[in-house]
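Using the sequences and the hints, build the whole thing.
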Amino acid sequence: MVSTQPILSATGLTMEFRGFVAVKDVTLSVNEGTIHALIGPNGAGKTTVFNLLTKFLTPTRGQIVFRGSDITGMRPAEVARLGLVRSFQISAVFPHLSVLDNVRVALQRPKGLATQFWLPFSSLSVLDERAMELIDAVNLSAYAHLTASELSYGRKRALEIATTLALDPAMLLLDEPMAGMGHEDIGRIADLIRRVAKNRTVLMVEHNLNVVADLCDRVTVLARGEILSDGSYATVSADPRVREAYMGTEHE
Amino acid sequence: MSNAPLLEVRGLNAWYGESHVLHGVDLDIREGETVTLLGRNGAGKTTTLRAIMGILRRREGVIRLRDKDLLALPLHKVAQAGIGYVPEERGIFASLTVAENLTLPPNVSDGGMSIDEIYTLFPNLHERRSSQGTKLSGGEQQMLAIARILRTGAKIILLDEPTEGLAPVIVQRIGDVLIALKERGMTILLVEQNFRFARKVADRFYLMEDGRMVNSFPGHELDARMDELHEVLGV
Amino acid sequence: MAVGTQYLAEQPRLRTTSFVLGGVALAALLAAPFFFYPIFLMSILCFALFACAFNLLIGYVGLLSFGHAAFFGGAAYFTAHAVKVWGWEPLSGILLGAAGAAGMGLIIGFLAIRRQGIYFAMITLALSQMFAFICLQAPFTHGEDGIQGVPRGHLLGIIDLNQPHAMYYLTLAIFLFGLFAIWRIVNSPFGNILKAIRENERRAISLGYRVDRYKLGAFVMSAALAGLAGGTKAIVFQFATLTDVQWQMSGEVILMTLLGGIGTMIGPIVGAGLVIALQNYLASSQFPVTVLIGIIFVICVLLFRRGIVGEILEFMKRKPKGTA
Amino acid sequence: MSTIFGIPTPALYGQILIGLINGSFYAMLSLGLAVIFGLLRVINFTHGAQYMLGAFAAYLLLTYAGISYWPSLVLAPLLVGAVAIVIERFMLRRLYGLDPLYGLLLTFGLALIFEGAFRHWFGAAGKPYAPPAQLTGALNLGFMFMPIYRGWVVAASLFVCLGTWLLIEKTRLGAYLRAATENATLVQAFGVNVPLLLTLTYGLGAALAALAGVLAAPIYQVSPLMGSNLIIVVFAVVVVGGMGSILGAIVTGYVLGVLEGLTKVFYPEASSIVIFVIMAIVLLVRPAGLFGREE
Amino acid sequence: AYAQQISDGVVKIGILNDQSGVYADFGGKSSVEAARMAVEDFGGKVLGAPVEIVNADHQNKPDVASSIARQWYDTEKVDSIMELTTSSVALAVQGLSKEKKKITMTTGAATTDLTGKQCSPYGFHWAYDTHALAVGTGGALVENGGNKWFFLTADYAFGYSLEEQTSKFVKSKGGQVVGSVRHPLAATDYSSFLLQAQSSGANVIGLANAGLDTANAIKQAAEFGITQDGTRLAALLFTLAEVKGLGLQAAQGLTLTEGWYWDQNDENRAFAKRFQAKTGKMPNMIHVGTYSTVMQYLKAVQKAGTDETEAVAKALHEMPVQDAFTKNGKVLPNGRMVYDMYLFQVKKPEESKGEWDMYKQLATIPGDQAYMKASESGCQLTQ
Ligand SMILES: Nc1ncnc2c1ncn2[C@@H]1O[C@H](COP(=O)(O)OP(=O)(O)OP(=O)(O)O)[C@@H](O)[C@H]1O
Ligand SMILES: Nc1ncnc2c1ncn2[C@@H]1O[C@H](COP(=O)(O)OP(=O)(O)OP(=O)(O)O)[C@@H](O)[C@H]1O
Ligand SMILES: [Mg+2]
Ligand SMILES: [Mg+2]
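Protein sequence lines, in the order shown, are assigned to chains A, B, C, D and E.
The opening position of the first sequence corresponds to residue 1 in my numbering, with each subsequent residue numbered one higher.
The opening position of the second sequence corresponds to residue 1 in my numbering, with each subsequent residue numbered one higher.
The opening position of the third sequence corresponds to residue 1 in my numbering, with each subsequent residue numbered one higher.
The opening position of the fourth sequence corresponds to residue 1 in my numbering, with each subsequent residue numbered one higher.
The opening position of the fifth sequence corresponds to residue 1 in my numbering, with each subsequent residue numbered one higher.
These are computed hints drawn from the structure, not numbers from a lab.
In this text, a Cβ means the ideal position worked out from N, Cα and C, and glycines have one as well.
Take the hints with a grain of salt, since some may be wrong.
The calculated lysine to aspartate or glutamate pairs, modelled on EDC-like cross-linking and capped at a C-alpha distance of 20 Å, are [stated by the list, open to error]: (1) LYS330(E) to GLU376(E); (2) LYS195(C) to ASP128(A); (3) LYS244(E) to GLU308(E); (4) LYS317(C) to GLU150(A); (5) LYS100(E) to ASP74(E); (6) LYS317(C) to GLU18(B); (7) LYS12(E) to GLU40(E); (8) LYS100(E) to ASP160(C); (9) LYS182(B) to GLU209(B); (10) LYS98(E) to ASP160(C); (11) LYS84(C) to GLU99(E); (12) LYS168(E) to ASP368(E); (13) LYS182(B) to GLU18(B); (14) LYS299(E) to GLU52(E); (15) LYS299(E) to GLU318(E); (16) LYS171(E) to GLU376(E); (17) LYS170(D) to GLU100(B); (18) LYS101(E) to ASP160(C); (19) LYS195(C) to GLU182(D); (20) LYS77(B) to ASP67(B); (21) LYS195(C) to ASP217(A); (22) LYS101(E) to GLU310(E); (23) LYS68(B) to GLU8(B); (24) LYS127(D) to ASP189(E); (25) LYS12(E) to GLU99(E); (26) LYS327(E) to ASP263(E).
Some chain C residues flagged as far from chain E (calculated, every beta-carbon gap over 12 Å) [what the hints assert, rightly or not]: (27) SER18; (28) GLY22; (29) SER43; (30) GLY146; (31) LEU292.
See below:
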């Protein structure tokens with residue numbers, strides 16, 4: 001089931017912020033077709049790693065290779081075009097656009113309908129079918145015409161996943177996709193992630209260890225900017241250093 | 001110790017813009033008491049603290065400190081009335097050194113800790129006193145955030161998740177500090193997720209859900225009520 | 001699904017209303033020169049187009065340019081020079097002005113879009129002021145004198161534009177073209193991306209959009225349309241001067257847009273009409289115009305941030321909800 | 001006569017000195033702007049008008065009340081500061097928390113009102129204002145005559161800039177100011193009267209502008225438009241220095257003044273745009289400005 | 001019956017000048033009074049139709065001026081426009097008026113282009129021009145040993161024209177021009193320009209600007225000790241109004257050219273007294289020039305028997321000018337009104353006997369020396 005071919009590999013990633021090293025010599029490889037979790041205490045550098053991988057930050061040192069091409073020097077939009085797409089820890093939707101339009105915006109670029117300033121709006125209706133499919137997939141069809149800002153937090157997260165999927169990315173980076181969701185939402189999103197991961201790779205940051213244990217093929221633990229442990233959930237959670245730095249002694 | 005509450009909150013409603021977050025919260029804290037607010041994420045714990053402090057302006061109800069109506073006061077007057085606040089996000093200032101951060105809040109009354117006392121309590125801060133505030137480690141920032149309030153002589157402190165992101169050793173030390181403060185007669189309102197920590201310091205618990213107080217019980221009943229808590233907190 | 005159907009049902013009613021209103025407005029515009037001083041009308045049309053072009057940027061991309069005078073006034077110079085010195089036909093002169101403004105938009109935009117918000121505003125302001133200094137010194141602009149006595153000539157070599165009505169209808173045609181172009185840009189796939197960028201730039205980047213290019217594209221389009229207005233003004237007034245490139249002019253176009261309603265299609269037109277009419281009316285009175293303009297600015301910012309048209313739209317939007 | 005790059009050295013020194021004098025005004029004005037921007041996040045477009053008001057206050061005090069230069073040096077900034085405080089209390093305050101563009105537009109409108117009103121009352125032409133008797137005359141520096149008054153302006157501005165910098169960087173009040181820039185609510189939650197602090201800061205910034213105006217009156221004449229011409233250059237100075245950076249504003253002010261002076265020697269045609277060219281280059285290389293922090 | 005000959009039954013004359021800017025003292029609101037005096041002296045009516053004066057402030061902006069002029073012609077039936085301070089404005093409005101077939105009579109602008117390259121059959125130029133100033137003030141300094149000139153030039157039509165004419169004159173007298181620098185209109189600080197002038201080694205700094213610009217340059221030159229080494233300032237266009245503003249202390253010794261001075265004879269003194277009663281100040285050549293243009297225009301309408309442009313222009317070309325302004329004026333085919341100019345020197349404070357006692361007359365410059373011949377002007381109309 002798990003392929004051993006890395007789709008994304010980062011070597012020696014280091015990020016310094018004016019003397020403060022947030023990420024230190026992180027080497028990480030994500031195998032194609034897997035769900036890979038990145039966990040660690042607050043401030044360990046997880047979001048920073050995400051920012052580095054998607055080029056929202058440029059690493060001080062290190063190299064990132066995605067599907068065989070070196071993306072270290074690329075700009076964020078280029079990386080997204082290559083099929084490496086992220087979601088944000090704080091929900092990122094286009095608040096004053098409708099749910100449908102949110103998804104259509106994401107579809108416009110892959111469908112080549114983004115730069116035409118001479119065409120009418122109605123030319124975008126060809127995207128509607130696919131957009132509704134995606135909206136359906138995250139159970140939002142009832143809200144398709146609602147303005148995104150009117151959605152509850154959990155539904156915003158769902159919408160964000162739908163827009164991300166619209167790009168049909170080879171690899172998805174999800175930053176705490178479950179944060180702020182209720183129990184039944186968590187279950188649904190977990191199912192969704194499992195479904196979409198069938199033919200793509202997922203790297204996710206998640207604090208909910210049940211989800212991690214349940215969903216992820218592999219877990220990398222980050223602490224103080226460095227990799228503390230790496231392996232299956234069972235291996236990692238048995239590591240005393242991980243228990244000490246992250247899970248704590250209470251976590252049985 | 002008189003029985004009249006020092007801080008009294010009645011029917012507190014609060015809004016972020018249009019969204020109604022607190023729905024009639026009631027809360028009493030007697031002088032010298034440590035009270036802990038429990039509740040799952042988004043229950044409104046932080047909002048309660050912010051509303052008491054007056055950082056969140058859109059609110060209705062009653063907030064009284066002894067006989068003083070806090071609702072009517074501007075934010076800085078609330079602080080001057082003797083309430084110290086340690087925010088969830090710590091609020092350390094990047095453009096100030098550690099020492100400047102420490103001395104930033106003006107004294108609100110006598111009897112606060114002296115700088116020397118604070119440095120004895122948190123030797124790390126002394127060591128790093130001239131470095132930039134935000135260069136401190138997370139734990140040190142949390143210490144600084146607490147320490148600077150202890151300096152001001154505030155008689156009541158509102159602590160929002162003081163142990164978040166801290167190493168267990170530091171959690172331990174902060175627990176010791178709170179106990180020491182209690183012995184000096186300090187009144188504390190604590191928001192905490194960490195039961196082990198809360199159990200150590202709290203005299204009384206309040207349980208919040210969806211912006212309402214759903215329960216309240218004395219500290220020693222915590223273990224007995226664990227099942228009930230699990231249900232509400234979804235732990 | 002109830003929400004969705006209601007949303008769709010509202011569309012045709014809105015459409016008919018706007019068609020009817022548009023028709024009335026068009027008829028009024030066609031008849032206007034028989035009732036009003038044509039030069040006055042033409043000046044309103046030029047400024048209205050200018051304000052609409054400016055609004056394309058602030059209203060739909062969320063960028064406040066404090067340097068749009070550079071495009072408006074710059075184009076006036078290009079057009080005036082082409083027509084007067086090179087003897088170009090007026091319409092091609094105007095188009096050259098718009099093209100020149102687009103070129104300037106490319107340069108200024110390239111520098112300015114690196115920053116956002118107030119930084120963007122200050123940078124465009126400073127760059128346009130730099131352009132104003134260049135205009136003061138470049139030989140072809142004739143410094144304080146400006147390019148005077150630009151011949152109106154014959155449109156396409158046929159229609160004599162010295163006839164006030166001929167000039168008026170040309171100006172009207174250009175105005176309508178510009179307005180249509182803006183409407184089309186805003187309501188296009190491209191416009192949809194612009195809106196998305198304004199809403200959440202980081203998210204748009206993460207979806208793979210090269211946000212800077214979209215912004216620059218919009219900036220250049222806005223500059224070109226402002227240039228179209230400026231070039232036309234040069235022909236109407238037969239003049240290109242420093243007044244049109246100076247920052248006070250940038251301020252004026254902001255006022256027009258703010259007063260009418262930022263981000264509305266007709267707000268800037270209403271704003272331009274009011275400001276020009278006011279200036280015209282006050283020119284002969286003793287009351288200082290700038291003071292009044294300043295007062296309007298302050299009142300708008302403090303009390304009606306949506307502008308006249310914006311407030312009306314908001315009011316109409318609220319009403320059906322209240323009755324339903 | 002010795003030369004540098006074919007330019008006689010006396011001319012060179014002279015222009016550098018004049019650059020320094022202009023730079024003194026850039027520095028003082030951009031300092032005020034930076035202080036206001038740093039704390040209030042408002043681009044104070046009225047700054048130029050406040051500078052003009054300072055000069056006019058001195059002129060009017062002299063003409064109608066017979067109050068001479070020296071008392072005006074204190075009175076004019078106080079008056080203008082008081083006007084600014086009224087503006088902050090009744091207008092600017094309502095815009096905090098909104099898009100900072102509204103602050104820019106409001107102050108722009110106010111600038112139009114002040115300039116328009118003064119133009120209406122006093123005409124666009126400048127009014128002469130004589131330098132104080134103690135500072136008339138010139139020093140022969142060998143390469144040029146240095147009017148004593150202008151020397152005083154450089155000294156006074158250095159003093160004011162240094163004083164303001166020390167106030168903000170080294171005092172407790174300064175610590176409040178800097179902290180409030182980062183998180184005003186929290187500082188207020190500590191018991192500091194931040195609204196008052198904001199009001200005073202705006203007053204202080206405006207008073208700095210007015211002080212510059214009084215200093216400028218004997219040099220540039222008192223005219224309603226004296227500020228509007230200068231303010232755009234000062235904006236460029238602030239962008240180059242890094243918005244909100246106090247030190248950046250001061251240093252860049254002097255440096256650009258001198259650079260402008262040098263341009264007048266080597267390539268006079270470019271002297272009015274050199275600051276903008278430098279701005280463009282700085283933006284390309286360091287978008288946050290020379291002393292600014294990246295957001 | 002006569003009034004039939006007047007279009008719309010009223011003769012409207014527009015006074016368009018700077019009323020609030022650097023040239024406000026030059027003419028400004030006081031010129032409007034001078035124009036009203038002319039109407040009054042003429043009797044208030046011409047050919048039975050009332051005469052009306054309108055006025056506007058053009059802020060020294062040619063675009064503002066030409067849109068006011070356009071509106072005056074198109075909607076307010078103004079028949080002719082006068083004064084037109086500032087060369088850029090005068091050229092713009094004269095150009096527009098040529099197209100609209102309306103008469104303009106300029107007193108407030110100096111460029112010889114008005115009657116040269118850009119002359120108009122309906123455009124007339126009164127009072128002074130750059131040629132007269134170059135010959136007058138320029139000539140006086142050259143004769144006194146000023147042979148190395150450096151120009152400080154206002155950056156627009158007037159400045160160029162004044163610099164060009166003066167340079168030509170200086171060179172023709174064997175002098176030399178060592179440099180020039182241009183400054184924007186209403187610049188506030190001239191110190192760096194003055195230092196440049198000083199380091200050029202010139203012995204005359206030619207101020208090819210006007211109004212407050214000149215006054216400020218003179219003041220700052222004193223401040224920087226420019227004149228201490230014997231360098232002289234040539235205030236090429238400077239009138240009584242500016243001398244008054246600058247004060248005798250700073251202005252003493254300046255040589256300047258004007259076409260009229262209140263203390264020249266009894267008639268002038270009488271006129272000046274009336275003018276002072278209305279405006280509170282003594283008139284300069286621009287104020288009286290505007291008086292003269294209005295007067296002459298009305299005389300021409302009277303003579304032509306109509307206010308139709310061609311006819312009035314023809315009368316203006318033919319009639320001699322003889323009024324409070326000059327006794328021997330004549331209009332050349334290019335529209336230039338030629339009359340005698342005077343060279344004055346500003347008195348020392350101790351020489352002055354009264355508030356307005358400011359000039360010593362040095363010489364009279366006969367009209368045909370002061371002004372270019374029509375044939376040399378480059379005006380197409382004269383060929
Ligand atoms: N732009 C920045 N400048 C300076 N330091 C930064 C910056 N961004 C992050 N850091 C620091 O880097 C460290 C890692 O931050 P990061 O956000 O990656 O943590 P994280 O593992 O995602 O934590 P969390 O679980 O809280 O999201 C933190 O100490 C943080 O303060
Ligand atoms: N600035 C804000 N604007 C709008 N809604 C907010 C804001 N801050 C919090 N909320 C909402 O108010 C509710 C209560 O939030 P609050 O921060 O008080 O929760 P909490 O109990 O402190 O949770 P946590 O344990 O996560 O800190 C939540 O639903 C949250 O989404
Ligand atoms: Mg994170
Ligand atoms: Mg909280």
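These are the hints, each one checked on the structure:
The suggested pairing of LYS330(E) with GLU376(E) holds, with an alpha-carbon distance near 17 Å, which does not exceed 20 Å. At roughly 18 Å between alpha-carbon atoms, LYS195(C) and ASP128(A) fall within 20 Å of each other, so this suggested pair holds. For the suggested pair LYS244(E) and GLU308(E), the alpha carbons sit about 41 Å apart, so the restraint of at most 20 Å is broken. With a C-alpha separation of about 17 Å, the suggested pairing of LYS317(C) with GLU150(A) holds against the 20 Å cut-off.
Distance hint between LYS100(E) and ASP74(E) is fulfilled; the C-alpha atoms sit about 9 Å from each other, no more than 20 Å. A threshold of 20 Å between alpha carbons decides the hint, and for LYS317(C) with GLU18(B) the separation of about 18 Å falls inside it, so the pair holds. Taking the CA atoms of LYS12(E) and GLU40(E), the gap is about 14 Å. The hint holds against a cut of 20 Å. Our distance criterion of 20 Å between C-alpha atoms is met by LYS100(E) and ASP160(C), whose separation comes to about 16 Å.
For the hint pairing LYS182(B) with GLU209(B), the CA-to-CA distance comes to about 27 Å; that exceeds 20 Å, so the pair is violated. At most 20 Å may separate the alpha-carbon atoms for a hinted pair to count; LYS98(E) and ASP160(C) meet this at roughly 18 Å. A C-alpha spacing of about 15 Å is found between LYS84(C) and GLU99(E), which places the hinted pair at or below 20 Å, so the restraint holds. For the hint linking LYS168(E) to ASP368(E), the alpha-carbon distance of about 17 Å falls within 20 Å, and the restraint holds.
At roughly 38 Å between alpha-carbon atoms, LYS182(B) and GLU18(B) are farther apart than 20 Å, so this suggested pair is violated. Between LYS299(E) and GLU52(E), the direct Cα distance comes to roughly 15 Å. Compliance with the 20 Å bound is thereby established for this hinted pair. Restraint check: the Cα-Cα separation between LYS299(E) and GLU318(E) comes to about 11 Å, which is no more than 20 Å; the hinted pair holds. Restraint check: the Cα-Cα separation between LYS171(E) and GLU376(E) comes to about 18 Å, which is no more than 20 Å; the hinted pair holds.
Our distance criterion of 20 Å between C-alpha atoms is met by LYS170(D) and GLU100(B), whose separation comes to about 10 Å. Note on LYS101(E) and ASP160(C): the hinted pairing holds, with a Cα-Cα distance of about 18 Å set against a maximum of 20 Å. Distance hint between LYS195(C) and GLU182(D) is unfulfilled; the C-alpha atoms sit about 30 Å from each other, more than 20 Å. With a C-alpha separation of about 15 Å, the suggested pair LYS77(B) and ASP67(B) falls inside the 20 Å cut-off, and the hint holds.
With a CA separation close to 39 Å, the supplied pair LYS195(C) and ASP217(A) exceeds the 20 Å bound. Using a Cα cut-off of 20 Å, the hinted pair LYS101(E) and GLU310(E) holds, with the two alpha carbons roughly 8 Å apart. With a C-alpha separation of about 10 Å, the suggested pair LYS68(B) and GLU8(B) falls inside the 20 Å cut-off, and the hint holds. The straight-line distance between the Cα atoms of LYS127(D) and ASP189(E) is roughly 14 Å, inside the 20 Å bound, and the hint therefore holds.
Note on LYS12(E) and GLU99(E): the hinted pairing holds, with a Cα-Cα distance of about 19 Å set against a maximum of 20 Å. Using a Cα cut-off of 20 Å, the hinted pair LYS327(E) and ASP263(E) holds, with the two alpha carbons roughly 16 Å apart. For SER18(C), the non-interface assignment is confirmed: its Cβ lies about 34 Å from the closest Cβ of chain E, beyond the 12 Å cut-off. Every CB of chain E is more than 12 Å from the CB of GLY22(C) (nearest about 30 Å), matching its label as outside the interface.
Residue placement check: SER43(C) does not keep its beta carbon more than 12 Å from all beta carbons of chain E (closest about 8 Å). For GLY146(C), the shortest C-beta to C-beta distance to chain E comes to about 5 Å, within the 12 Å cut-off, and the non-interface label is violated. The Cβ of LEU292(C) sits about 16 Å from the closest Cβ of chain E, beyond the 12 Å cut-off, so the non-interface label holds.
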